[in-house]
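Asks: Now for the letters of each chain:
2 protein chains.
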Amino acid sequence: MVKLMVLYGKPEDASAFDTYYAGTHVPLVEKIPQLTRFEHGKSLGAPDGGEAPYYYVAELAFDDAETLQAALASPEGQAAAADLENFASGGVTMFVTRA
Amino acid sequence: MVKLMVLYGKPEDASAFDTYYAGTHVPLVEKIPQLTRFEHGKSLGAPDGGEAPYYYVAELAFDDAETLQAALASPEGQAAAADLENFASGGVTMFVTRA
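Chains A and C supply the protein sequences, listed in that same order.
Here the first sequence is numbered in the working numbering, starting from 1 and rising by one per residue.
Here the second sequence is numbered in the working numbering, starting from 1 and rising by one per residue.
It is possible that part of the hints are untrue.
[Stated by the list, open to error] In silico EDC-like links for lysine to aspartate or glutamate, alpha-carbon gap of 16 Å or less: (1) C:Lys42 - C:Glu76; (2) A:Lys42 - C:Asp64; (3) A:Lys10 - A:Glu51; (4) C:Lys42 - A:Asp64; (5) A:Lys42 - A:Asp13; (6) C:Lys31 - C:Glu76.
It should be emphasised that the hints constitute simulated quantities derived from the structure, not laboratory data.
Turn these sequences into a full structure, and let the hints guide you.
Replies: In structure tokens, the structure reads:
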């Protein structure tokens, strides 16, 4: 299994981010082919009670790296990626991990 | 479910990190009480082929935030946390997310 990790920086308007993410971005991600697991949620802070470096985290799991690349290159993958600019005002950090 | 995200920066000696992580740190993490899922793996890079900002990622899942806090405060949680200084030479970023 490989996972695309998506780490969102703190947006300018957190409430707008939350509404857009749940109502528009999630349905786009769920259309990506070969997606085997999609987990996403808000950061609750550092374990010692401090502030977390990211506002929101999403993970998209696929069977292997080739499937992930094909999924991101698909029209649905491209649509989800293009949607980032509509709400990710705090920046976004993406990378792939093996798990 | 909540997850403790552990993002490791690039270590000084990647081979030493890998050996220590698999042989010593994993067994310590697996002893942490109430851990419901433990996934960990090496970063494969950014989705566009660029370098990833982290070398290795681990996720420790627990039923809820209270259970996570109790688990980290347990002797086993403290032992795993204290072990970080033995191998995390590239730094470590930790935060909790809801999923």
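Asks: Please list, smallest to largest, the hint numbers that this structure does not respect.
Replies: Violated: hint 1 alone.
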